[in-house]
Every structure is written in structure tokens, then in C-alpha cells.
Amino acid sequence: MSNLLRRGSRPTDALRFPQRENHRTRAAIATFLKYLSLVLAVVAVLVPLVAVFLTSFKTREEYLTTGPLDPPENWFNFENYGIAFTQGNMLLGFANTGIVLIVSLAGTVLIGSMTAYAIDRFDFKLKKVVIALFLLATLVPGVTTQVATFQIVVGLELYDSYAAPIALFLGTDIISIYIFVQFMQSIPKDVDEAAMLDGANKFTIFWRIILPLLKPAIATVVIIKGIAIYNEFYIPFLYLPSEELSMISTALFRFTGPFGSQWEVISAGTLIVIIPTFIAFILLQRFIYSGLTQGATK
Amino acid sequence: MSQMTGTTGGAPPTAGTPLEREARSSRTLKKHRRITPYLFLIAPLALLITFTFVPAANLIWYSFTDWDGIDLEKEFVGLENYIEIFTEPEVFRVFFVSLYYIGASFLQMGIALYFATILSFNTRFRNFFKGVLFFPYLINGVAIGLVFLYLYQPDGTLDSLLKAVGLESATTAWLGDPDAVNVSLAATSVWRYTGLNFVLFLGAIQSIPNQLYEAADLDGASKWQQFRFIIAPGIKRIISLSFILAISGSLAVFEIPFIMTGGANGSSTFVIQTIQSAFQFRQVGFASAMAVVLLLIVLIVTFIQRKLVPDDEVNLT
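Chains as they are written, first to last, in our numbering: chain A, 8 to 305; chain B, 0 to 316.
Hints are supplied without guarantee of correctness; some may be wrong.
[What the hints assert, rightly or not] Non-contacting residues of chain A with respect to chain B, defined by C-beta distances greater than 10 Å in every case (computed):
| hint | residue |
| --- | --- |
| 1 | Arg31 |
| 2 | Phe39 |
| 3 | Arg67 |
| 4 | Trp82 |
| 5 | Phe85 |
| 6 | Glu164 |
| 7 | Tyr166 |
| 8 | Leu220 |
| 9 | Lys222 |
| 10 | Val229 |
| 11 | Ile234 |
| 12 | Glu250 |
[Said to hold, decoys possible] Partner residues are not named here, just some residues of chain A that face chain B (Cβ under 8 Å, in silico):
| hint | residue |
| --- | --- |
| 13 | Val54 |
| 14 | Leu177 |
| 15 | Ala207 |
| 16 | Tyr296 |
Hints are computed from structural coordinates only; laboratory data are not their basis.
C-beta atoms are modelled at their ideal positions from N, C-alpha and C, and glycine is treated no differently.
All chains should be built: construct the whole structure from the sequences, respecting the hints.
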């Protein structure tokens, strides 16, 4: 007790008051442990990726004779990347993913913003029912209903065509609707009214005024949805069995077959898929974080 | 969720009392309100119904039949499929596999919460650490599967790391040994999803007003006390949401085990079995019953969560 009182009056005299010394070392240990834990986490995240990165530059022989964490002899050995690209159908995968991505994103933005516009700006009889339908749909995990969705896709003759993933990406996307509704609520209704006084009808208001004002929300949706589509696996796997319709995920998944144990080629293919994500992440970090907190918390 | 309603305000004031404004806007809206909203909703509702509600309804109907997916005839078999699910030990096993993923997701939330807490205070290279922890969540699932297949290979990355630190005895056939396979796969899942939890927690913690910490500092509260009395209550809602996502996510695990082991060595999950029954063994009726069971469990878990932590803010308007 007396120690505490005196400490206030002579703060620098650490030696005579071991408690203070104690406090300082404890703080130092805490800081050390904090950074240690962060470094360990970084190692845990990076080691699996680094091993694949190193392997992608190795020759067949090097792969067989060196350990997974040994550096490659020649850092500019891009042979594996060449093989992965040409024999692994990666280019085709990127092209197909690009087509599906662009159409799905345009559709998602249009459909999501139209839904949000109808829900936020109109009062209509079935509004509560419509909202309930969209809410209810969030509770149904997509992967569980695929058994039945599959029959519908086959019935509509969309199976094994670009239309199948596009329709599914458009039809099951509730999160973008949430993001649009949330953003639209922040656009004052007076904007609509002013336009209406100028003689604009609802469609002109939507197309000319609301949609351009939604730009930030559109950017969020495009980023979040774009990443999700790029990474999607089971939809292309189930609905696009043809090899010439491979998307990037299924093209890479096929590597496990023909390349079997050729890990230097598989590693290169894996990195070819990861690198675009990495670049997008570096460029768009801030938007990705904020988009996710908006999207995932619904 | 709190973000959902957070941006609602901000409409600039216009002339007239709120009541007058309300009356005026409802008058102008009235003219078009009959069909216009429905025109905007045709496409979204058509897609929603075709690809979510019709399949869900069909699923229930198929689950009472022995349909193989091709036959025009679907014979009604009553509860037979459901009885099989709960009596066939091979099928029931997958629930135990889920336990690994549930355990892993709790671990994952703990790790995410720890790093979210320390990184919301002053830390050097904060953005670097944040980026590294989060990045795995963005990586393609197939790429993650291959990266970890390589990591777990005999004499692969993990084995050589263990050897380097003298733990050679700890090495095992990570994906070949039925005792280790689910732990290995669940660990992969932790690696993949911790970043998402981390970013969600971080966002929630940063929305807590700074003054609270300052006041606590003045009162001499320790970091632990600050966590216990300011942070934990402040992010209760997002933690509760993460719990439900963790449980329903753990039951619906598919990608990682499917890509890495194809469900071999006792690593099959509910969704893998469902999809295999439907598409490999052509037991669509049986697979549908499995999907319905999974759907019901997810709905029950969600319902319990909503009851325990009522959340009125989940609302579209």
C-alpha cells in the first residue's frame, strides 16, 4: 500500500521500488508475446503458400531431390507455368470464367438494384411477402438443394452451357440485394420526387438517377460477387462437365488427374489461379474489407 | 447487422413538417404503385422462385420417393429414406465428422477474436498483419485444396518442418490415416476461414467508440478488463452470428474434403455423401432426404440462435 503512494511521488526511482520494475518487465513481456503470436500466425499462413511458390520454379529433378522449403536453383524457370497454361487448359478456364463473370456481374447489379428499388421506394400490397421470400431464402444453404436444383437446370435445358452457372449466380444472390437496399436507404427520397416533378417516370428515375447514385454499392457488389464467382467450385463442377467449358476452378481441379504427382506443374497451376486474387487484393484491400463487413453481416 | 441500419439517416430536411412530407410523397407514389414495383420484381422473383423455392419444394417431394433421377415414375416410399439415414451407421457417421469442423470453427473464432483484439490497438505493421491473416479467405478453394495436399504429402512441407524442429515422431500419413485425416482437413478449414471471422470481428471492435477505452484507461482498467467489459459486450451480436454460421457451415462442409480426399478414409461429410448418392449412385430420393435433414438442422440451429439472441435488426426495410 505504502509503495503505491510513494510511487507517485518518485516515479523514476525504479530500483528502490521493485513493483514498478516488475510492471515494466511485464509490459515488455506482453509486447514480446503479442508480436511473437503475430509472427507465428504469419508463418502459419505463409508457409503452405511459400512451399508451393518455391516448387513451381523447380525442374522435375529438383522437385524429386530437394525439400519443399529449399529454394529453386533458377528463379526464372517458367517452364512449369508454360505447361500448366497450355496443357492444363488454364487459358480456356480464364476465358470461360471471364465470360460467366461479366454476364453474371452485370445481371447481379441489375437484378439486385431493381429489387432494392422496388422494395425501398414503393409501397405495394405484397411487399411483406416479397421481403419474407428473400429473407427465407437466406436460410436455405445453396449446396444442400443442389440435388433438386440440378433437375430444374436439366429441365430448363441449361445443363452444360454458360447459362447454367449464370442463372444460378443470379438467382441465389441475396447478399447483393441487402447491400443495395442498405445503400438506397441513404439516398434521400426527395431526389426521386424532384425528378418526378420534372416529368420523369419510374423507369427513367431508376435508370438515370438511382442507378448512377448507387455506384459505390455497385463497386462493393462487383468486388464481393466477383471474388465469389472466381472461386466458385461446385456449380461449374456439377453443371459444366464439358472440358471446353471448364472454369478456372474446374480446370485446376482436373490437374489432379493427368498431372498426378507432377507437383511442380500443379504448383504452377495453383499459383496461376492465386495470383489474380492476390493482385486484386493488393489493389482493392479497403473495399474488400468494408464490402465483406457489409455483406457478411447482412 | 448494426451496419445495416447505420446509414439510414441523413436525409436533408425539406420544407414542411414530417407529416406533411409523408402525405405529399405518398400522394405522388400512389399513382404508379399498382404495377410498377412488380415490373421491377419480375426477374428477381422469377429467379428466386425457380432456383431456390421450387428446388426446396421438389427436394421435400423427392425425399419421400425412391427416384433415381432418370425414371419418369417416382414411387412414393413414405419415410423409408429417412429411416435409412438414421439407422445406417455408414450414413450416420458423417455427423461425427461434422464435430471436427464444429470444434475447428470454435478454435477459429478464438484465434480470430484474439488477433482482432490486439490489432485494433496500436501495433506496428498493423495493415501487413491484417492483410496476411485475411488473404487466405480470398483464395480459390481448389487452389487451397492443392496447396494443402502438397503440405500434407508424405515427406511434404509439414513433415520436413516437423523434422527440422526434431518432432519427427509426430509425422504421420496426414490424409491417409483415418485418425488424422479429419483433423488435417479441419485445420485446413481453420486456415481458410479465420480471416473472415477476423475481419468481421475487427470491423465490429472498431465501431466501438474510442472514448470508452479512454475512460477505462483513466479508471485504470487492464487490457483484459477492457476486453471483458467493453469489447466482448460490444461485439456480442457478431459473435452470436458467427456461432450460427460456424455450426451451419460445419454441417455443410464440402469443398475442402471433396477436393483433398474425395471423402476417403472416413473424411466424407454430409454434403459429399448427399452429392455422391445423387450423382454417382443415382439415389436421388435418398439424397433428397439427406438434404432435407441437413436443411432442417440448419433451420433449427438458426431458430435457436434467434431465440437466444433476438435480433430485430435483420430487416430489409
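Violations among the numbered hints, reported as their numbers in ascending order: Violated hints (numbers, rising): 11 and 15; every other hint is consistent with the structure.
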